[in-house]
Amino acid sequence: AQSVTQPDIHITVSEGASLELRCNYSYGATPYLFWYVQSPGQGLQLLLKYFSGDTLVQGIKGFEAEFKRSQSSFNLRKPSVHWSDAAEYFCAVGMEYGNKLVFGAGTILRVKS
Amino acid sequence: DGGITQSPKYLFRKEGQNVTLSCEQNLNHDAMYWYRQDPGQGLRLIYYSQIVNDFQKGDIAEGYSVSREKKESFPLTVTSAQKNPTAFYLCASSIGPGPLLDQPQHFGDGTRLSIL
Chain A
1 AQSVTQPDIH ITVSEGASLE LRCNYSYGAT PYLFWYVQSP GQGLQLLLKY FSGDTLVQGI
61 KGFEAEFKRS QSSFNLRKPS VHWSDAAEYF CAVGMEYGNK LVFGAGTILR VKS
Chain B
1 DGGITQSPKY LFRKEGQNVT LSCEQNLNHD AMYWYRQDPG QGLRLIYYSQ IVNDFQKGDI
61 AEGYSVSREK KESFPLTVTS AQKNPTAFYL CASSIGPGPL LDQPQHFGDG TRLSIL
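Protein sequences appear in the order of chains A and B.
Position 98 of the first sequence, counting from 1, maps to 98 under the numbering used here, and the rest follow consecutively.
Position 82 of the second sequence, counting from 1, maps to 82 under the numbering used here, and the rest follow consecutively.
Please keep in mind that the hints were generated in silico from the structure rather than gathered at the bench.
Where is the CB? At the ideal position from N, CA and C, for every residue including glycine.
A hint or two may mislead.
Claimed, not checked - Pulled a few chain B residues facing chain A out of the computed Cβ check, cut under 7 angstroms: (1) G40; (2) Q41; (3) G42; (4) L90; (5) P104; (6) G108; (7) D109; (8) G110; (9) L116.
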């Protein structure tokens, strides 16, 4: 069965520091991968997506993610974190048919000044 | 602006009552989804609909029902059979069914349901 693992429940970084959020997936076919961000009490906003081609994808708000097939990973990165980046981040894998998404449990990012 | 509207933002239910959560989209999307979000568990799919008058169960459909009579609307009813309904419910939509996963899902702002 398809699954997504986000190993870190909480991460705290200092403002201006770099960030990497981990995501590992289990899926037999070519994965369709997404990162979403959620502010408290709000819906999810798409940060970036990967379907094929260049394994380094750029998203909104200065985020990027790298797809590594050999490691079944799709880690999210940002070179310099801003206080407004504090939120919960979800990695998701899309199944080939039906537009169904399987989500990881999420990583809560805290930014300290 | 196009988007997804969920109402109400907060909803309270008494034991034994059914409640209906509204989801309306003006994005002209064919596919719509309902997710349940609990702390530390991510989002779990309740029901989804790829086209009007058709819907399928997701991973946790027990105790829930849906209808899709109009393209724009996909209401979710939480029935009294759902023993633990307290959660944050999110509605989403995407362009269409089939292998169109280059079109991501767009989400509403959610409804928080609590039991009195």
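Check: Among the hints numbered above, which are violated by the structure, and what are their numbers in rising order?
Finding: Per hint list: single violation, 9.
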